[in-house]
Amino acid sequence: MSGHTDRARSAALLIGLIVGFCSATLAGWVVSNRPYPADFVRLHKFIGAETNFFPTASQLHALVRARCSPDRTLVLVAGNSIFNGYGETPQGIWTAHLQDDLGSEYCVVNLATALSQIGDIGAVAMDMLRREYPRMVLVTNTLPGTCGPPGGSAQYRYVFWDAYWKGLLNAPDERRRAIDDWAPIGDPLRHQNEEIRLGRGLNAALRFNDLWNYVEYDWLTTVWTTDTRARFPASRRHFADPVPVIPPLAERFTTGRQPRRSDIARFSSSFFEAGEAGAWIERSAPWQSLEKEIAAVLPQEFRPHTLVVMTELNPVHLALLTPPERARHAQLFSSSLQRWRSAGYNAIAVGAGFEPDNYYDYDHFTESGGIKLARELAPQIRKLAAGGGEGS
Amino acid sequence: MNTQRILQLIRWTALGFLAGVVAHYVLYRIGLPLQPFIYVAF
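Respectively, the protein sequence lines represent chains A and B. Here our numbering is used: the first residue of the first sequence is 86, the next is one more, and so on. Here our numbering is used: the first residue of the second sequence is 242, the next is one more, and so on.
Treat the hints as calculated values from the structure; they're not laboratory data. Note that beta-carbon positions come from the ideal geometry of N, C-alpha and C, so glycine has one too. Warning: the hint list may mix true and false statements.
[Claimed, not checked] Just so you have them, the derived chain B footprint on chain A, three or more residues with Cβ under 8 Å: (1) 107-114; (2) 213-221; (3) 284-296.
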């Protein structure tokens with residue numbers, strides 16, 4: 086009798102477990118295409134990797150689709166914290182000015198986020214959406230001399246695999262080949278890559294990231310981080326996009342943590358060596374490495390629709406450099422632009438004439454800088470959307 | 242089968258259901274980094 090009771094309990098437990106797991110999976114499938122947040126402006130700190138929130142490819146896909154109809158020209162903004170608008174308020178962010186400058190025929194969506202690189206969110210979003218949006222421009226930023234691997238940054242390379250296993254990509258094979266060819270050297274990194282690949286494969290079937298992101302965003306936070314602890318376990322939608330505190334210009338670049346001359350010089354120092362008569366000669370290894378990354382990061386057919394933007398540093402910090410270092414810095418920009426352009430991308434540098442007040446720190450903009458950035462980019466985007474390009 | 246036994250089985254099924262949902266959550270949670278990245282520019 087006791088054995089019979091135990092078997093019945095075990096069966097009940099097992100049935101409950103299977104039903105529970107399957108119900109959660111089903112719920113994950115249901116919510117995975119839910120566009121959120123409704124009032125989306127950018128991937129701010131509380132809906133990004135900085136607080137352990139990792140939007141899935143389906144969620145990014147749904148987000149863009151909910152905001153932009155395919156009869157408009159989609160302007161996908163990707164890249165790092167500079168394009169994310171760190172230093173700008175959500176209301177005065179540069180992409181809002183870009184939207185105003187471009188007009189209602191265009192739909193601007195800002196998917197840039199801190200530490201993101203061209204190969205992750207931007208490349209994946211473009212791949213997922215390009216069939217649906219016949220007129221699309223990817224506008225992404227990068228530092229001169231940098232590109233990143235085809236899978237993008239360590240924080241966001243999961244986005245490719247998430248989209249890949251869910252069948253959301255239009256050119257999955259070409260991008261996968263490029264990413265596989267870029268396998269990192271060393272067991273720990275290889276294992277990390279394998280983990281991401283397998284984890285996202287499982288998620289494509291079981292939708293655990295999709296479901297629990299939804300719960301995290303709408304119901305309650307289950308992930309404790311130092312930045313969310315003050316309101317833990319309030320859901321992410323209760324965490325507002327942080328508004329930057331911008332010190333007056335007199336204090337902005339003199340108090341607190343400021344880059345030194347050596348920090349600014351380091352941007353260009355590894356790319357050149359001193360030649361004769363004050364000339365700077367390119368070192369071959371870093372440039373070859375950059376060329377290799379540029380060649381692999383986006384498929385050839387994406388490049389005519391991509392605008393790569395390099396933003397200049399704050400003139401206050403550039404003034405720290407010696408005249409030869411400034412010449413080297415300028416050469417880093419021109420040599421980097423040339424590499425991007427010769428690989429078939431449209432590439433431009435902006436910010437050469439910007440003033441100190443246009444900057445929040447050494448490389449991020451304030452709203453006034455964002456307005457200038459939008460004004461410089463809008464005509465380039467129009468040209469690209471019309472089938473022309475700048476600097477390609 | 243008496244009512245008490247049926248209630249007991251329902252309780253075990255509910256417990257299993259909860260364990261299934263938790264297992265699903267664990268799959269999400271083990272994919273997260275232990276610490277979020279710390280942004281250091283220079």
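Hint check:
no. : hint    : verdict
1   : 107-114 : holds (count 5)
2   : 213-221 : violated (count 0)
3   : 284-296 : holds (count 7)
In summary, the structure is inconsistent with hint 2 from the numbered list given earlier, while agreeing with all the others.
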